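Using the sequences provided together with the hints, build the complete structure.
Okay, here's what each chain looks like letter by letter:
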Amino acid sequence: MRNAFADELEILAKENEKVVLLSGDIGNRMFDSFQEAMPDRFYNCGVAEASMMSIAAGLALNGFRPFVYTITPFMTLRCLEQIKLDVCYHEAPVTIVGTGSGLSYAGLGPTHHSLDDINVMRVLPNMAVVCPCDTHEVRAGLSAILNLEHPVFFRLGKKGEKPVHLGPLNDFEIGKSITVKNGKNVCIIAVGNVVQLSVDVANLLDNSGISTCVESFHTVKPLDLNKLGEMFKNYELVCVIEEHSSIGGLFSAIAEWLIVNAPRNAFKLLQFSMEDKFYSEVSSQVHLREKSGLDLLSIEKKIRSHLEVIRE
Amino acid sequence: MNYEKPLAVKELCELSLEARRKIIKYSHSANLPHLGSCLSLVDILITLYFSSARVQENYPLAPDRDRIVLSKGHGAPALFQILAMRGFFPEDWMFRENHGGGLFGEHPPLPKYLPGIEAATGSLGHGLPMAVGMALSAKIRNEDFHTFAICGDGECNEGSVWEALQFVGAQRLDNLTVVVDRNAWQATGRTKNILGKYCLEKKFQAFGFSPHTIDGHDIPSLQQCFSIAKSAKQPVVVIADTIKGKGVSFMEDDNNWHYRVPNSAELKAALAELAC
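So the protein lines, in turn, are chains A and B. Residues in the first sequence are numbered from 5 upward in steps of one, following my numbering. Residues in the second sequence are numbered from 243 upward in steps of one, following my numbering.
Calculated directly from the structure, the hints in this document are not laboratory data. Check before you lean on any hint, since a few could be wrong.
Covered by chain B, per the in silico footprint, the following chain A stretches (three or more residues, Cβ under 8 Å) [unchecked claim]:
hint: 1; segment: 41–48
hint: 2; segment: 62–68
hint: 3; segment: 243–250
Source: prediction; values computed, not measured. Using N, Cα and C, we set each Cβ at its ideal position, and we do this for glycine too.
This is the structure in structure tokens:
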């Protein structure tokens with residue numbers, strides 16, 4: 005995802021003179037080409053995320069479209085007040101790009117994990133939260149962001165993810181989910197780097213006679229409310245899968261909406277998130293997911309048993 | 243008022259006196275604190291808005307205007323009065339019900355709500371880095387406006403200030419001037435007894451700035467410094483030594499006026515001292 009980001013942003017910056025890229029001393033060699041082509045629109049702001057964020061706000065208030073880039077925890081919590089006041093309060097069209105989101109950097113330990121970022125970003129007024137699932141959503145998402153005039157948090161995974169979509173997305177819209185796979189009984193709403201896993205789960209369920217659809221809910225804020233309404237009406241079970249804390253992420257966002265707008269369907273909602281804890285064990289992304297039941301077989305099993313209970 | 247002809251120093255001094263009277267009256271009527279911090283700032287703002295900075299009250303968003311960011315946002319009551327005096331908005335806006343519909347509080351509102359404001363500040367250590375972004379935008383577009391960021395000496399406690407100063411030095415943003423209103427106090431004590439023990443000038447110098455220390459109530463010195471800063475080939479910091487509560491004997495250098503609001507008797511006594 006991150007290479008697609010660097011490549012696509014360079015293409016967009018060549019077309020749009022307002023685009024400026026600020027990096028917090030991250031992206032070794034990734035932006036060489038950007039920097040060479042547009043030396044006055046790339047700045048390595050050093051390991052100084054707070055001032056980088058305010059500088060971006062100052063640029064945006066003077067007509068630029070800054071993209072700020074570093075590892076997600078440092079791009080969110082480290083400079084949260086700068087995001088809240090200088091960016092969101094001023095409605096400055098800054099795009100905050102976090103790389104290595106969720107447990108992408110599992111082996112680097114809790115300092116580099118971001119299981120709270122969706123939560124803290126979506127609580128900020130004026131902010132949109134967009135979590136692409138593959139390179140196609142990254143590229144389409146960047147173009148869509150440039151049509152907005154307000155702040156966006158753009159949550160990237162790492163590099164080398166398997167593509168979910170077959171090709172470029174021509175009708176990508178922020179705030180409008182994408183049906184990745186059709187199905188009739190169960191619906192999986194997945195966000196970002198677990199969409200591919202969700203497709204695998206859905207295929208497994210299909211094989212055991214449970215027809216399962218998958219929606220890529222790339223935008224956590226604003227939620228695609230029309231789609232949510234349809235899902236809770238049309239499916240027996242709606243599962244949310246996210247590589248994020250069980251508190252405050254996409255599941256919470258949907259639950260907040262559901263309890264007000266369709267409380268009778270609350271029993272249909274099923275959560276697959278990471279636990280409310282620090283994952284201090286040095287391990288791989290796959291292993292840490294398994295520990296919290298965010299793996300193919302655990303998810304499939306839980307969905308099947310939950311569906312049985314509902315059907316009884 | 244027509245400012246095409248430069249104002250004489252005497253006229254600027256009279257404006258400063260008038261601003262101080264207005265600020266104290268407004269503090270009393272609107273129950274606004276931070277009076278000491280506002281009074282230390284007056285001559286800096288008067289010099290910028292009435293003499294040194296390129297601003298147009300009838301075209302507040304002119305692309306070539308100098309950007310003035312009040313990073314010490316709690317000086318807003320002084321800024322409001324001086325912007326109104328300069329003609330950015332009618333003075334009676336401040337006397338509408340609920341203090342002008344909620345615009346004229348203790349900190350600057352968003353730029354879109356009030357002409358003359360470049361950034362809504364209040365949390366310290368934010369305005370300076372935002373001003374750095376503004377100065378950078380001028381460099382990228384090759385625009386010739388100058389950016390002034392006004393900080394407090396207490397505000398220099400904030401790490402984000404020094405993060406931003408490193409960037410200014412690295413990029414040699416000579417179109418940015420930092421003004422430190424060094425009134426030697428912060429909310430609960432002397433800055434030198436809290437974190438400001440070592441020399442501020444040397445710190446700025448180490449970050450690539452040319453430091454100029456002056457009497458922050460001496461308008462000709464301020465004018466001279468701002469003029470040097472605008473044509474300098476390196477970023478300039480104007481360390482303006484000021485007196486918190488300047489102009490009123492019983493407020494001067496008394497940190498209680500960081501929080502206190504004058505009662506009727508104090509208002510009367512202060513205005514008598516500040517009479518023409």
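Structure-based check of all given hints:
Counting residues of the segment 41–48 of chain A whose CB lies closer than 8 Å to any CB of chain B gives 3, so the stated coverage by that chain holds, three being the minimum. For the segment 62–68 of chain A, the proposed coverage by chain B is satisfied: 7 residues have a C-beta within less than 8 Å of a C-beta in that chain, meeting the threshold of three. With 0 residues bearing a CB less than 8 Å from a CB of chain B, the segment 243–250 of chain A misses the requirement of three and the coverage assertion fails.
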